[in-house]
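Trainee: In case you want the letters, here they are:
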Amino acid sequence: MTQAATTEHHTPVEHTTTGLNNRKLLMWAFLGSDVMFFGAFIATYLVYRGKSLVGPYPSEVLNIPITTVSTFVLLMSSLAMVLALHYVKEGEKNKGTLWILVVVVLGTIFMGFQFVEFREFAHLGLTPRTNIFGTTFFILTGIHGAHVTIGVIWMAFLAYSSNSGALRSDNALDLEIAGLYWHFVDIVWIVIFTVIYLISANDAPPPGMESVIH
Amino acid sequence: MTTNALTFPRFFPRPQSETGIWGWIGTVDHKRIGTLYGITSFLWFLVAGVEALLIRVQLASAENTFIGPEFYNQLFTMHGTTMVFLVIMPLSAAFFNWLIPLQIGARDVAFPRLNALSYWVFLFGSLIMNAGWITGDAPNGGWFGYAPNSGVTFNPGLGMTYWVVGLNILGVASIAAGLNFIITIINMRAPGMSMFKMPVFTWMTLVTSVLLVLAMPILAVAGIQLQTDRVYGTHFFNSLAGGDPVMWQHIFWLFGHPEVYILILPAMGIVSEVLPTFSRKPLFGYAFVVFAGIVIGFMGWFVWSHHMFTVGLGPAANTAFAMSTMLIAVPTGVKIFNWIGTMWRGNIQLNTAMLFSISFIAMFTIGGLSGVMHASPPTDSQQQDTYFIVAHFHYVLVGGALLGIFSGIYFWWPKFTGWFLNEKLGIANWALMLIGMNLQFGPQHWLGMDGMPRRIYTYAENMGWEGSNLAASIGGFILGFGILLFMINIVYSRMNKKIAPADPWDGRTLEWSTSSPPPVHDFDEIPVVVYRDDFWFKKHPETISEYYHNDHDVEDIAPSATQTAEEHEDDHGGHEGIHLPDKSYYPFILGVGIAIFGIGFLTNTYVIAAGVPIFLWGMLGWSMEPVNDPT
Amino acid sequence: MASLWRKLTHHDGNGWWNLPHTASNEPNPPHEGPIGGAWLGNIWRIMTYGGVSHAGPGFYWLVGLFLSIVTLIEVWLFDIGAVLGGWYIPLLLILSLLKFIGVVAFFMHLRFDHRLFTYLFGASMVVGIFIFTLLLLLLEFGNQPPN
Ligand SMILES: [Cu+2]
Numbered sequence: 001m002t003q004a005a006t007t008e009h010h011t012p013v014e015h016t017t018t019g020l021n022n023r024k025l026l027m028w029a030f031l032g033s034d035v036m037f038f039g040a041f042i043a044t045y046l047v048y049r050g051k052s053l054v055g056p057y058p059s060e061v062l063n064i065p066i067t068t069v070s071t072f073v074l075l076m077s078s079l080a081m082v083l084a085l086h087y088v089k090e091g092e093k094n095k096g097t098l099w100i101l102v103v104v105v106l107g108t109i110f111m112g113f114q115f116v117e118f119r120e121f122a123h124l125g126l127t128p129r130t131n132i133f134g135t136t137f138f139i140l141t142g143i144h145g146a147h148v149t150i151g152v153i154w155m156a157f158l159a160y161s162s163n164s165g166a167l168r169s170d171n172a173l174d175l176e177i178a179g180l181y182w183h184f185v186d187i188v189w190i191v192i193f194t195v196i197y198l199i200s201a202n203d204a205p206p207p208g209m210e211s212v213i214h
Numbered sequence: 001m002t003t004n005a006l007t008f009p010r011f012f013p014r015p016q017s018e019t020g021i022w023g024w025i026g027t028v029d030h031k032r033i034g035t036l037y038g039i040t041s042f043l044w045f046l047v048a049g050v051e052a053l054l055i056r057v058q059l060a061s062a063e064n065t066f067i068g069p070e071f072y073n074q075l076f077t078m079h080g081t082t083m084v085f086l087v088i089m090p091l092s093a094a095f096f097n098w099l100i101p102l103q104i105g106a107r108d109v110a111f112p113r114l115n116a117l118s119y120w121v122f123l124f125g126s127l128i129m130n131a132g133w134i135t136g137d138a139p140n141g142g143w144f145g146y147a148p149n150s151g152v153t154f155n156p157g158l159g160m161t162y163w164v165v166g167l168n169i170l171g172v173a174s175i176a177a178g179l180n181f182i183i184t185i186i187n188m189r190a191p192g193m194s195m196f197k198m199p200v201f202t203w204m205t206l207v208t209s210v211l212l213v214l215a216m217p218i219l220a221v222a223g224i225q226l227q228t229d230r231v232y233g234t235h236f237f238n239s240l241a242g243g244d245p246v247m248w249q250h251i252f253w254l255f256g257h258p259e260v261y262i263l264i265l266p267a268m269g270i271v272s273e274v275l276p277t278f279s280r281k282p283l284f285g286y287a288f289v290v291f292a293g294i295v296i297g298f299m300g301w302f303v304w305s306h307h308m309f310t311v312g313l314g315p316a317a318n319t320a321f322a323m324s325t326m327l328i329a330v331p332t333g334v335k336i337f338n339w340i341g342t343m344w345r346g347n348i349q350l351n352t353a354m355l356f357s358i359s360f361i362a363m364f365t366i367g368g369l370s371g372v373m374h375a376s377p378p379t380d381s382q383q384q385d386t387y388f389i390v391a392h393f394h395y396v397l398v399g400g401a402l403l404g405i406f407s408g409i410y411f412w413w414p415k416f417t418g419w420f421l422n423e424k425l426g427i428a429n430w431a432l433m434l435i436g437m438n439l440q441f442g443p444q445h446w447l448g449m450d451g452m453p454r455r456i457y458t459y460a461e462n463m464g465w466e467g468s469n470l471a472a473s474i475g476g477f478i479l480g481f482g483i484l485l486f487m488i489n490i491v492y493s494r495m496n497k498k499i500a501p502a503d504p505w506d507g508r509t510l511e512w513s514t515s516s517p518p519p520v521h522d523f524d525e526i527p528v529v530v531y532r533d534d535f536w537f538k539k540h541p542e543t544i545s546e547y548y549h550n551d552h553d554v555e556d557i558a559p560s561a562t563q564t565a566e567e568h569e570d571d572h573g574g575h576e577g578i579h580l581p582d583k584s585y586y587p588f589i590l591g592v593g594i595a596i597f598g599i600g601f602l603t604n605t606y607v608i609a610a611g612v613p614i615f616l617w618g619m620l621g622w623s624m625e626p627v628n629d630p631t
Numbered sequence: 001m002a003s004l005w006r007k008l009t010h011h012d013g014n015g016w017w018n019l020p021h022t023a024s025n026e027p028n029p030p031h032e033g034p035i036g037g038a039w040l041g042n043i044w045r046i047m048t049y050g051g052v053s054h055a056g057p058g059f060y061w062l063v064g065l066f067l068s069i070v071t072l073i074e075v076w077l078f079d080i081g082a083v084l085g086g087w088y089i090p091l092l093l094i095l096s097l098l099k100f101i102g103v104v105a106f107f108m109h110l111r112f113d114h115r116l117f118t119y120l121f122g123a124s125m126v127v128g129i130f131i132f133t134l135l136l137l138l139l140e141f142g143n144q145p146p147n
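Protein chains in written order, with my numbering: chain S, 1 to 214; chain D, 1 to 631; chain E, 1 to 147.
By construction, these hints were calculated from the structure, which means they are not laboratory data.
Among the hints, a few may not be true.
Stated by the list, open to error - Derived coverage of chain D by chain S (criterion: at least 3 residues anywhere in the stretch with Cβ under 8 Å from a Cβ of chain S; other residues may be distant): (1) 185-191; (2) 204-217; (3) 223-234; (4) 247-257.
Said to hold, decoys possible - Think about it this way: if two alpha-carbon atoms lie no more than 20 Å apart in a straight line, the pair counts; the simulated EDC-like pairs of lysine to aspartate or glutamate are: (5) K51/S to D113/E; (6) K89/S to D113/E; (7) K24/S to D34/S; (8) K95/S to D174/S.
Everything numeric in this text was worked out from a predicted model, so none of it was measured.
All residues carry an ideal CB built from backbone N, CA and C; glycine is no exception.
Using the sequences and the accompanying hints, generate a full structural model.
Mentor: If you want it as structure tokens, here you go:
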């Protein structure tokens with residue numbers, strides 16, 4: 001039964017009103033929904049910016065050089081993603097698999113950066129419970145990190161599929177849709193990097209409120 | 001084609017049975033899922049109705065001691081939450097499920113398994129939401145859960161945690177359903193059916209789905225923030241740490257006002273189908289009705305602070321939101337005039353569905369007008385938190401959404417089941433509901449004007465409120481008796497089955513062109529659409545010239561439609577080629593995984609870990625399962 | 001105005017911003033290149049994989065380079081933030097918007113794809129930006145006492 005079902009499995013001929021694929025439309029509509037999700041978190045962060053009553057304050061903990069590197073890593077994973085899609089579409093299995101793996105590795109490195117950053121902040125005395133900056137910062141970047149994690153798992157699955165030959169040029173759409181998700185996670189980080197890191201990193205504690213001694 | 005699809009170990013065979021519990025658990029048929037939605041939300045409707053009646057018994061006399069303040073808080077919280085999230089929204093979803101594929105001439109929704117997932121997640125979410133009744137600490141912070149009252153400081157215990165976790169799970173279901181219907185309506189229409197030939201109900205479903213997809217994430221954010229505040233000690237709404245409880249109000253109403261339109265637009269769509277059918281005229285000003293719906297869907301985003309006029313946002317903000325709120329009454333008014341215009345000089349047939357629809361217009365207008373009253377901040381500061389507000393939104397939600405939905409039930413029941421509901425009992429049902437709701441909510445207008453506050457479990461004897469409150473309570477029981485009559489009607493009509501033909505009302509839209517109830521594959525042949533109200537004009541070609549004045553209008557449409565039809569036939573190869581989506585257990589399994597996550601948030605983090613394997617099993621099985629989706 | 005709108009929204013307009021088509025079974029469109037002129041057009045064609053279908057690896061590397069450079073500029077602006085005073089915030093927002101558009105338009109293929117995708121995503125961006133900006137303005141300036 002399983003075998004028969006598998007061999008009969010084929011993608012039916014596309015027949016939709018607009019001629020566009022349903023799943024791809026679904027992904028775009030979902031991303032539109034996710035815009036509102038992240039939008040509300042980012043808006044919350046901005047509303048509460050500078051409202052912390054106790055330290056540590058952003059300028060005391062945010063580490064721009066390191067975050068620049070992790071941002072670069074995530075941006076490059078997006079590049080790897082389009083390249084992977086390109087080669088899978090071209091039917092170049094090995095190159096495709098390789099670039100998907102690059103996405104997985106870069107995504108994992110990004111997660112590692114975030115893990116180290118969170119641990120470092122906790123070490124400096126900043127947790128979600130410390131102050132309103134900690135609350136908004138950890139929840140927003142944590143939710144983003146959760147998105148990255150899901151993306152990495154998804155990509156690892158696709159790397160396996162590509163390697164085993166289940167992901168080919170004729171169903172490269174599977175990868176394209178996953179790619180849309182991945183790029184979206186990337187653009188959210190572009191906004192987070194600017195709004196949280198670059199813009200807030202100058203938010204120094206009020207005089208006499210310094211809490212972190214470097 | 002050489003396939004090299006990945007396979008996933010299967011623990012039990014793919015569902016095959018059509019009947020029995022496993023048939024329902026494995027179903028992906030939009031009609032059966034619609035039935036599941038309908039039955040589940042009707043049961044919750046009864047629960048919320050009983051809650052309302054308990055409230056009314058308590059308020060029937062002054063200084064009543066029938067129920068205490070604690071229980072009263074739980075009752076009004078759960079009555080509101082249940083009615084909004086577990087009754088009106090899923091009842092609308094039942095109609096979406098049943099009707100959208102039928103109205104656009106499709107064999108199923110775009111993502112049948114996602115559709116099943118929406119239902120299961122909704123079911124589990126609703127159970128978690130109500131779990132507090134069993135453990136004895138039901139949510140008690142109001143349906144809007146205002147912080148800090150909903151925070152752990154003022155509201156310890158699990159009560160509001162049930163609420164917030166339940167709400168977030170329901171949000172998943174709503175977003176999934178919303179996405180599904182957006183794609184279905186955009187992409188699954190029958191050949192020839194352009195956007196402006198879609199039935200108005202389909203249009204309103206599209207607008208509602210867009211609102212769901214964009215508004216529910218905001219509620220999810222509010223929920224996550226409240227949840228982390230309650231469980232993990234963050235400070236989103238903790239003013240001692242620089243948080244701001246007003247932020248909760250902003251985020252909640254950013255979701256909450258679009259939500260209002262999520263509740264009412266489906267009913268507006270239903271009424272826009274019923275009125276033309278029983279007036280024997282096409283809908284008056286179709287484009288206006290559609291655009292008014294779209295405009296409402298857009299403007300609904302810019303009025304949220306009218307729920308916060310008394311918070312102290314400042315005169316500039318209050319003025320701006322007062323104006324946008326008054327402005328949004330305009331497209332609503334446009335619709336009302338179009339419905340009246342539809343009936344004007346129509347050959348009106350007064351049956352139960354039509355009576356419900358007409359009273360929808362009247363009641364919704366009353367509710368809308370009292371709404372415009374508190375669009376004015378000075379007036380609102382008088383009315384805020386009084387029974388006037390309660391009267392307003394009950395006129396909109398009971399007199400509007402619920403009467404609209406009942407109209408839809410009587411209208412489409414023969415299509416859903418193949419037999420009619422009894423008309424005499426139906427009219428009695430309508431009369432009792434209409435009289436009951438007016439007697440219940442009418443007096444609340446002047447109770448509110450007289451200063452009776454909302455959300456109090458009792459009131460003093462000498463306030464002069466007893467008479468009106470007693471009337472309201474009697475009205476509540478009359479309304480409840482109307483609902484009882486509806487159930488009696490179902491049983492009675494089921495026993496004396498009056499078989500319905502495919503097209504019992506001389507209908508206008510495609511769902512009437514297939515048998516009652518429709519076959520599993522909906523249509524033997526996918527219809528080809530030439531006109532708006534295509535089915536009607538094909539039945540009554542003599543009326544075409546009345547409504548299509550320009551001959552080339554029709555010719556423009558016709559050839560392209562037939563051409564598409566030919567292509568279509570090629571694809572499907574006629575009758576034998578009909579393929580229906582395969583049944584699947586994975587939506588249920590995934591739903592169970594999500595439910596376990598929810599239970600984990602309520603109890604112990606380790607439970608979440610226990611949910612992970614089930615969740616992954618569902619995900620992987622789902623993605624590797626061979627499918628026959630209509631894509 | 002109408003033609004400008006058409007050029008901005010339709011993929012078959014022929015402005016310099018018009019990038020090659022996606023649909024590869026269409027005949028090759030005449031190539032003007034991204035900023036006009038035969039010389040640049042030639043380079044453009046090589047970059048975009050012969051200019052036939054969607055953009056190719058060379059073009060993607062270019063976008064990746066662009067993203068990295070803009071990020072570096074952003075960090076540099078941050079470093080000299082003290083010099084720029086309050087101005088660096090709008091500058092940073094504009095730069096991140098550029099990156100955002102770069103990824104959405106090219107990596108996510110929106111520029112080469114069916115307009116419906118743009119509308120779906122764009123509509124939610126518009127609603128989101130509108131209401132959250134409104135919210136921020138409201139909380140920033142809303143409750144100042146009247147003069
Ligand atoms: Cu509102």
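Trainee: Does each hint fit the structure? Answer for all of them.
Mentor: A quick look at each hint next to the structure:
With 4 residues having a Cβ less than 8 Å from any Cβ of chain S, the region 185-191 of chain D passes the three-residue criterion, so the hint holds. Residue count for the region 204-217 of chain D with a Cβ under 8 Å from a Cβ of chain S: 5. That meets the three needed, and the coverage hint holds. Here's how the region 223-234 of chain D fares: 6 of its residues keep a CB closer than 8 Å to some CB of chain S, so the rule of at least three is met and the hint holds. Check result for the region 247-257 of chain D against chain S: holds, 3 residues qualifying (beta carbon to beta carbon below 8 Å, three or more required).
Our distance criterion of 20 Å between C-alpha atoms is broken by K51/S and D113/E, whose separation comes to about 43 Å. With a CA separation close to 16 Å, the supplied pair K89/S and D113/E stays within the 20 Å bound. Proximity of K24/S to D34/S is assessed by CA-CA distance (about 15 Å); at most 20 Å being required, the pair is judged to hold. Note on K95/S and D174/S: the hinted pairing holds, with a Cα-Cα distance of about 17 Å set against a maximum of 20 Å.
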